[in-house]
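Q: The task is simple: from the sequences and hints, build the whole structure.
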Amino acid sequence: MYNLILEQGLEWEEEVGCKLIISVASGKGGTGKTTIATNLALSAGYCQLMDYDVEAPNASFFLNPDIKHVKKVTIKHPYFLKETGADFSKCAEFCNYNAVAVVKSEVVFFPELCHGCGGCLLVGPEGAVREKDVIVGEVEKGYADPGINFFKGNLKPGSMRTVSIQSELDKSLEKSGLVIIDCPPGNACSMVFAVKDSDYSILVTEPTPYGLNDLLISIEVLKNMNIPYGVIINRDGIGNDEVENYCKRNNIKILLKIPNDKEIAKFYSRGETLIEYDKSWKSKFESILKEIEKEIGR
Amino acid sequence: MEQRWEESDDICKNSHSCLVIIYNLFYWEVDMKIAISSSGTSLDSNVDPRFGRCQYYIIYDTNTDSFEYVDNESRQAMGGAGIQASQFLVNKNIEAVISGNIGPNSYRVLSAASIKIYSGVTGTVKDAVEKFKKDELKGTSAPDVQSHFGAGSGMGRGGRL
Amino acid sequence: MKQLTIISGKGGTGKTTVASNFIKLARDHVAVDCDVDAANLHILLNPDIKKKEEFIGGPVAEVTGECINCGKCEEACRFDAISNSETDIEIDSVRCEGCGVCEYVCPVNAIELKSGRQGDYYISESKFCTLVHARLNPGAENSGLLVAKIRNIAEDTADKNSKELIIIDGAPGIGCPVIASLNGVDYALIVTEPTISGISDFIKVFEVTKFFNIKTFVCINKYDINLDNTNKISDFCNKNKIELIGKVPYDDKVSVYLSNKKFIIDDSSSEAGREITGMWKAFSSYIYPG
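Chains as they are written, first to last, in my numbering: chain A, 43 to 340; chain B, -10 to 150; chain C, 131 to 420.
There may be inaccurate statements among the hints.
Said to hold, decoys possible - Partial list, computed: chain C residues near chain B (C-beta under 7 Å):
1. Lys279
2. Thr287
3. Asp289
Calculated directly from the structure, the hints in this document are not laboratory data.
Bear in mind that the values here come from a model prediction, so they are computed numbers and not experimental data.
No residue lacks a Cβ here, since even glycine has one placed at the ideal position from N, Cα and C.
A: Okay, structure coming up:
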């Protein structure tokens, strides 16, 4: 059993207790990651909740945090001093993203394709390439009752720098205490980035062939990363028992089943949590935390 | 073209530049290498409606009426297909491009190199070349999509012929 | 030939439900599943795979030579992908973005950028049309590149076979794969739901389609679970000149049909099915004139 001392606001005091980072992920979108993550955070009371779904962050709608601080996330873009008459073709040749083109001594720059790697500065004509900061999104820090330190990443629509925002969130990841990470959907790099520091991952799925298909891929990702996992089946009843049978056959722990219920859907639509819908959910989520602690020996 | 230069020199050196201008007015549109986005490798192939992601470019030399086709190796690039393709064509000394839809990325690179752009062109490559030679194609002065961003080339078909 | 991408911003709003039923209703079309790391259309459509190809993704840096531990690569890497221990350097392939800076700065040429197989893509024939789909390796990067690849293939197929329409099932979110799904399309259909999360994500994804100047349609799925929110979405559509072409009621039968690999439009008693059919009729007037 771990024990946290938490001060309201941004600063963490010296902790007594073990680190436990739990990510909540799902290959398929819309299965209920945010529902699980936010309800877990509320039942734990004291924890850090981080919304790594920076393209479509939704946890704040359920926790209503008081945002204390917003930090812009920037990357460095090159700019070319054309008046020097320098030849920038090496920059165009070097760029792996086609963000720089040089035709007939004219340099054309495409900011939306630039990753900010700094290559232009390195390979370009000395003194003729400079860099400037460009905003690709932001990270918000706040506090939500009853004791949740809340962090959320927000990617600027049109930018492709998901990982830059997630990277900035990494800097706020605490090394002790309970951390819950609300992951983006899918099984590709933004999901991998969100789960990479987890001690345990909860995979949320729906009991359909699609839920199962995407669950299997997520399991492969976690296995490759040596992250232990368990499953939560949401909207139980809308499909079949393929997911449940698969879990049973493969000794995968089913941590919880949430029944399909139009009333729950209505509550969700208003940004209300399961615990607000029915207080008895709190003990169910507390049990999940206890089970996870037990399984990984904390 | 060279032969005509010699003739003009012989005739009158003073009016040399005058004749150059006259010749240019009549002939410059025709004597050049043009690139046409194409779905296939022959002149009977259809103009490919995509510029950056087409399968082939037919490079036609209107001076010699000869042509070659090249694979478009840039087509797989995620956001920069048109950019890469445009640079490639500029390096082949193209002076004009003909295609269906030319997006803002390609447009920027081609304009920077002062390449003449003809979009909204349909039919076969052969038709397009003929129309070009007869000066029946209307040049494009803006990308087919007004977008600040670039990676899309979305709306409409241009429809200019 | 026109292209329609079905997206949502938020996952689970019903993209695949709408896409699959549209695929059944359309004619002279090709379909692409651009949700490459969690592809679902092939499960429902059960097509015959005609061609399978390897997807080679973008390059990733690898230590291939004798590292002298000078640390220049670690210093130069902007993505925190390189860590220098006492004996060696380690390149984190998750963080590596394949820019080539480390390869450039290494004084002993010990680093190389290498491309590898990151998945597969397939050209398949379903009962209704050709389906181009893919499977990105678990945890792989370059999902956007794979989307661009299969879209290219779909365009070639449509072009070769004189198809009128490409229906693209997009990925959730607003990142690279979504942008690659929208690149160059004529129409976007945003499938949303009347929830606070759904509305927020709908507005974000609309900002992306607006940026690309793509004609946008909207469908509100499960509209009756929150009529206030449905009205909010409707008002937003009016103000921003987005065409609202459908309001599908909550119907558990939709999920049941989907799970049984059936099409809800085939159930004449389902209002949801009828609404989707109506949406298709409204949309198809843009594709098949007359």
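Q: Of the numbered hints stated previously, which ones are contradicted by the structure, given in increasing order?
A: The structure breaks only hint 2.
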